[in-house]
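Number of protein chains: 2
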Amino acid sequence: MEPMRIECIAIGTELLTTRRLDTNSVWLAERLAELGLGLSLKTAVGDSREDLAEVFRAALDRSDLILTTGGLGPTFDDFTKEVFAELLGVPLREDAPSRADILAFYEARKRVPPPANFKQALIPAGAEALRNQVGTAPGVFWEDPPGHPGTRILMFPGVPREMKRMWEEHALPRLRAQGGRPVHTLRMVVGGVPESTLDQRTQELRERHGQLEWTILASLTQVELLARGDDPAALDRARADFEPLLGADLACVGQGNLEEAVLDRLKARGETLAVAESMTGGLLASRLTAVPGASAAFLGGATVYSAQAKRALLGLDGPLLATEGTVSEATSRRLAEAVQGRLGATWGLAVTGNAGPGAEGDAPVGTVHLALAGPGGTETHTFQVPGDRNEVQLRSAARALDLLRRAVEARSR
Amino acid sequence: MEPMRIECIAIGTELLTTRRLDTNSVWLAERLAELGLGLSLKTAVGDSREDLAEVFRAALDRSDLILTTGGLGPTFDDFTKEVFAELLGVPLREDAPSRADILAFYEARKRVPPPANFKQALIPAGAEALRNQVGTAPGVFWEDPPGHPGTRILMFPGVPREMKRMWEEHALPRLRAQGGRPVHTLRMVVGGVPESTLDQRTQELRERHGQLEWTILASLTQVELLARGDDPAALDRARADFEPLLGADLACVGQGNLEEAVLDRLKARGETLAVAESMTGGLLASRLTAVPGASAAFLGGATVYSAQAKRALLGLDGPLLATEGTVSEATSRRLAEAVQGRLGATWGLAVTGNAGPGAEGDAPVGTVHLALAGPGGTETHTFQVPGDRNEVQLRSAARALDLLRRAVEARSR
Chain A
268 MEPMRIECIA
278 IGTELLTTRR
288 LDTNSVWLAE
298 RLAELGLGLS
308 LKTAVGDSRE
318 DLAEVFRAAL
328 DRSDLILTTG
338 GLGPTFDDFT
348 KEVFAELLGV
358 PLREDAPSRA
368 DILAFYEARK
378 RVPPPANFKQ
388 ALIPAGAEAL
398 RNQVGTAPGV
408 FWEDPPGHPG
418 TRILMFPGVP
428 REMKRMWEEH
438 ALPRLRAQGG
448 RPVHTLRMVV
458 GGVPESTLDQ
468 RTQELRERHG
478 QLEWTILASL
488 TQVELLARGD
498 DPAALDRARA
508 DFEPLLGADL
518 ACVGQGNLEE
528 AVLDRLKARG
538 ETLAVAESMT
548 GGLLASRLTA
558 VPGASAAFLG
568 GATVYSAQAK
578 RALLGLDGPL
588 LATEGTVSEA
598 TSRRLAEAVQ
608 GRLGATWGLA
618 VTGNAGPGAE
628 GDAPVGTVHL
638 ALAGPGGTET
648 HTFQVPGDRN
658 EVQLRSAARA
668 LDLLRRAVEA
678 RSR
Chain B
268 MEPMRIECIA
278 IGTELLTTRR
288 LDTNSVWLAE
298 RLAELGLGLS
308 LKTAVGDSRE
318 DLAEVFRAAL
328 DRSDLILTTG
338 GLGPTFDDFT
348 KEVFAELLGV
358 PLREDAPSRA
368 DILAFYEARK
378 RVPPPANFKQ
388 ALIPAGAEAL
398 RNQVGTAPGV
408 FWEDPPGHPG
418 TRILMFPGVP
428 REMKRMWEEH
438 ALPRLRAQGG
448 RPVHTLRMVV
458 GGVPESTLDQ
468 RTQELRERHG
478 QLEWTILASL
488 TQVELLARGD
498 DPAALDRARA
508 DFEPLLGADL
518 ACVGQGNLEE
528 AVLDRLKARG
538 ETLAVAESMT
548 GGLLASRLTA
558 VPGASAAFLG
568 GATVYSAQAK
578 RALLGLDGPL
588 LATEGTVSEA
598 TSRRLAEAVQ
608 GRLGATWGLA
618 VTGNAGPGAE
628 GDAPVGTVHL
638 ALAGPGGTET
648 HTFQVPGDRN
658 EVQLRSAARA
668 LDLLRRAVEA
678 RSR
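Same order as they appear, the protein sequences are chains A and B. Residue 396 in the numbering used here sits at position 129 of the first sequence, with consecutive numbering throughout. Residue 624 in the numbering used here sits at position 357 of the second sequence, with consecutive numbering throughout.
These aren't lab readings, by the way, just hints derived from the structure by calculation. All values derive from a computational prediction rather than experimental measurement. Please note: incorrect hints may appear among the correct ones.
Stated by the list, open to error - Quick look at which bits of chain B chain A covers, simulated, 3 or more residues with Cβ under 8 Å: (1) 300-307; (2) 318-324; (3) 606-620.
Stated by the list, open to error - Simulated restraints, written as ranges between beta carbons of each label pair: (4) A:Arg578 <-> B:Gly643: 24 to 30 Å; (5) A:Arg324 <-> B:Asp629: 51 to 57 Å; (6) A:Asn657 <-> B:Asp629: 37 to 43 Å; (7) A:Asn657 <-> B:Ala589: 35 to 41 Å; (8) B:Leu439 <-> A:Pro631: 49 to 55 Å; (9) B:Glu474 <-> A:Phe650: 39 to 45 Å; (10) B:Asp629 <-> A:Gly560: 15 to 21 Å; (11) B:Pro559 <-> A:Arg324: 41 to 47 Å; (12) B:Thr590 <-> A:Leu487: 42 to 48 Å; (13) B:Gly644 <-> A:Val520: 50 to 56 Å; (14) B:Gln478 <-> A:Gly560: 35 to 41 Å; (15) B:Arg536 <-> A:Gly521: 46 to 52 Å; (16) A:Phe650 <-> B:Pro381: 48 to 54 Å; (17) A:Glu510 <-> B:Arg536: 53 to 59 Å.
C-beta: ideal position from N, C-alpha, C; glycine also.
Please construct the entire structure, taking both the sequences and the accompanying hints into account.
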C-alpha cells in the first residue's frame, strides 16, 4: 500500500512576512505523527485568489489528504472555501446549523453579528461543516470532491485555538479510522548546554540506539533531544541510558519546558520564588506566570527597570547604587536578597545586565549578572550572552531559570 | 506590468517532521521586502526526489524567481541540483573553481575531503556556481533555464549562515542589477477594535482606494490594516482618507506596534509609566521592555502575583485586600495608585483578573479589571476576554496598553 500523501496549506499574507510564522502546520504535523502519518509538504500562501487557486489545484493533483488553515473568516480577503468550490465546480450553500452557531455566539456576548459574518456559514455543496465551538468560522470536511475520488480536504480556521479544538473534536475521529502504525516519542529537555556540546556528548549513545530516529532541537531558551520510534520498549531503554549521561543537565522528560520544570520542583518541595528583574524587564516573571498554577510557587516580584524602582520597590540605597552601578554583580546580589526578604520567599532571583542596543555604563551589550539568594546563602554569576536585544533577554531569562533549577535540585540530593 | 512572482522552497525532511521552523525563508522574505519585492508563496518539502520534482515543476510553471534552501550537501539525500537538472533536461558538470574551493576548505582545516564532497562541485550545465566562503556547498544561479525564458532560480545551502552570506555576496548584486519595481506599503496599526468591526468600518474606503491591495492582519494584541501598491502618491491619498476615519483607534502608521506607540507618546510628553500586574504576571512589563530605549519612559513596576507581593511591594492593606478580593476593580485601583505614587510616575497602570484555567473566587476565567491612575485621576474598566490562559494574558496586556494610549492621547488634544 502506498503511504498516504498529506499536505498542509497555511493561508494568510502575514505568513509570508517576517511578522508571523506558520505554527499551525507544525502543530498539525505533530498530531499527524501521533497517528503514524507523515506530512509530504507544506505551503504558506497569501490571501490572493489567484495564488490560492494555483496551490489548491496542485494539491488536488498530488495529495490524498489536504489540510488548510486560515481564510475562513468574515472579511473580504478570506476565500478558502470559495476558491475550492470554484475549482471543483460546485456552489456554496448556507449551512443552517453554522448560521445558528454564529447567531448564538454573538447572542452569548449580547452583540448583533455584523452581516458579513454570515458569509462564514456558506459551505461548498457536498462538503460537511465542522462546528467551531470557540469562534464563528466553521471548518469544512470534504470527502471525495468532484473529480477527485479518494481525496479528503480539511479546512480549519487560522486561529490556533479554534483550529486545535476543531482538530480534536472533528478531524481526529475521522482520521483515526484510517491511521497507520502509531509513532512514540521520547523528549528530553536540557538546560544550560549548547546544542553542539549536546550533539557531541550524545553521539555515541544515539548511535547505540540507532533504531530510533534522533533529532536535536535548539531554541534560545532550551535544547531538546527527541527520539521517535514504533517500539515503546526501545524508547524506555534509551531513556534509561540517557538519564545518567545527561545528569543534572536534564531539566525534564516528556512534556514541559524549563519554567515548568522549575515550578514543579519548587511545588514538590513547598518552596517559593520571588524575582527582581532589571534587564529582562518582566520576561522571567512572564514566562513563569504563563504556566497554569504558577501561583502555588511564584509569589511575584519587582521589575526594577529604573534606579527609582530599585529604591522604591526594593529599598536599595541610592548612593550605594550609584557607586556599585545598576549593572553589577553587587546590585544583582542586593536585589535578590531584598526581594527574597520582602516577599518572604525561599528563593530570590535577580537579573541585571545590558540587553542593548547601546552600552550601559561600562557594561557592553550582552553582559548579564545573575544572583540567586537561597536558604544556603547567595550565589552570583556573570557572563556574556550573544544576540540582539530580545535574544539577550530571552537567553538571560533562560540562564536564570536554569541556575535556579540546578540549585533547587542540588538541595534535593 | 505584472508584479514579479517569487517563491521560496525550503528543502529538508526535518522541516516537516519536527518542531523545526523554516526560518531561512522568513529571512529571505525580509531581504526581498527591502528590495520592494514580495513573496507569493513558500513551501517546505522533504528530501524526496519525487516530492521535489513535483514542487519544482509547479514552481517553474508559475514563478519568475525561485529561491531554494537546502539539499546542496554531500549526503545521499541531497538532490536539489539533480532534480532541477533532470526536470530541465540538462546534465550536471563539475565546476572547477567549486572543486578548488572544496579542496581549499579542507586543506585550511588540515583534513582530506571525503570523496562524496566533490559531488557538491557538480552544477547544472548552463547555470552559474555561487561561491560558498563559509562552507563547502556552492550555490547556484540559473537564468533563463531551458524552456523557461525570464525565469531565475537561486539555490542556497540550508545552513543559515552560509545562505545569508551567499545572499549578500552573490544573490543581492545579481537581483539588484535586474531590479524589481519597488512596492510601497502603508501600514496602520489599530488598537482596541475587533477585526470584523474594522473590516466593516473600512470597507467603503478600501473600495474607493481599490487600486491598492488591501489586507487586514489580526493578532491577539492588535489589528493591522495594510495597503500595497506601486504609486506612493496613491498610498499618501489613502492615508489622508483613513486617518480621520480611524480617529483615536489608530495607534500608529508605518513601523511599530502598540507598545512602541505608547512609549513614543510618553517620551514625546516627558511622561513616565509604572505598572502593577497581577494576572498578566510580567507580560505587560516584558512587552514594554522589549522595545529598545523603553527606559526613557518606563520606570518598572511590581508583579504582584500573590497577596504577599501586593502588601510587601505596594503596601496594600491585608484585611482590606481580603474584603475587596484580589481580583476586583477596587484592588486594581489601589494597585495603580500605589505603583504610581511609589515610583513617582505620571501614570500607574494595573491589571487584576483571572486568566484561568480555574475560577478564582467569584471571578470567572477571562475577567479583567484594569485601572489607570493618571494626572487627572483614576479610571477603571472591567471586561471579559475570550481564550485560553495565554490568550487571556495577551489580550489583557494589549487592552491595558491601549487604555493608556488613548488616555495619553486624549490629554494631548
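To see whether the hints hold, each was checked on the structure:
Counting residues of the region 300-307 of chain B whose C-beta lies closer than 8 Å to any C-beta of chain A gives 4; at least three are required, and the coverage claim holds. Residues of the region 318-324 of chain B lying with their CB closer than 8 Å to a CB of chain A number 3, which satisfies the three-residue condition for coverage. Check result for the region 606-620 of chain B against chain A: holds, 3 residues qualifying (beta carbon to beta carbon below 8 Å, three or more required). Restraint check, A:Arg578 to B:Gly643: a C-beta distance of roughly 27 Å satisfies the suggested window 24 to 30 Å.
Between A:Arg324 and B:Asp629 the beta carbons are some 55 Å apart, a value that agrees with the proposed interval 51 to 57 Å. As the Cβ distance of A:Asn657 to B:Asp629 is approximately 38 Å, the hint placing it in 37 to 43 Å holds. A C-beta distance of roughly 39 Å is found between A:Asn657 and B:Ala589, which places it inside the suggested range of 35 to 41 Å. Distance hint check: the CB atoms of B:Leu439 and A:Pro631 are about 30 Å apart, inconsistent with the given range 49 to 55 Å.
At about 57 Å, the CB distance of B:Glu474 to A:Phe650 disagrees with the hint of 39 to 45 Å. One distance hint, 15 to 21 Å for the beta-carbon pair B:Asp629 and A:Gly560, holds here, with the actual separation near 20 Å. Between B:Pro559 and A:Arg324 the beta carbons are some 45 Å apart, a value that agrees with the proposed interval 41 to 47 Å. As the Cβ distance of B:Thr590 to A:Leu487 is approximately 44 Å, the hint placing it in 42 to 48 Å holds.
Evaluation of the 50 to 56 Å hint for B:Gly644 and A:Val520 yields a pass: the beta carbon distance comes to about 53 Å. Between B:Gln478 and A:Gly560 the CB atoms are about 53 Å apart, so this pair departs from the stated range of 35 to 41 Å. At roughly 50 Å, the beta-carbon separation of B:Arg536 and A:Gly521 lies within the given 46 to 52 Å, and the hint holds. In this structure the supplied range 48 to 54 Å is violated for A:Phe650 paired with B:Pro381, their Cβ-Cβ distance being about 37 Å.
Between A:Glu510 and B:Arg536 the beta carbons are some 57 Å apart, a value that agrees with the proposed interval 53 to 59 Å.
Hint compliance for this structure: hints 8, 9, 14 and 16 are not met, and every other hint is.
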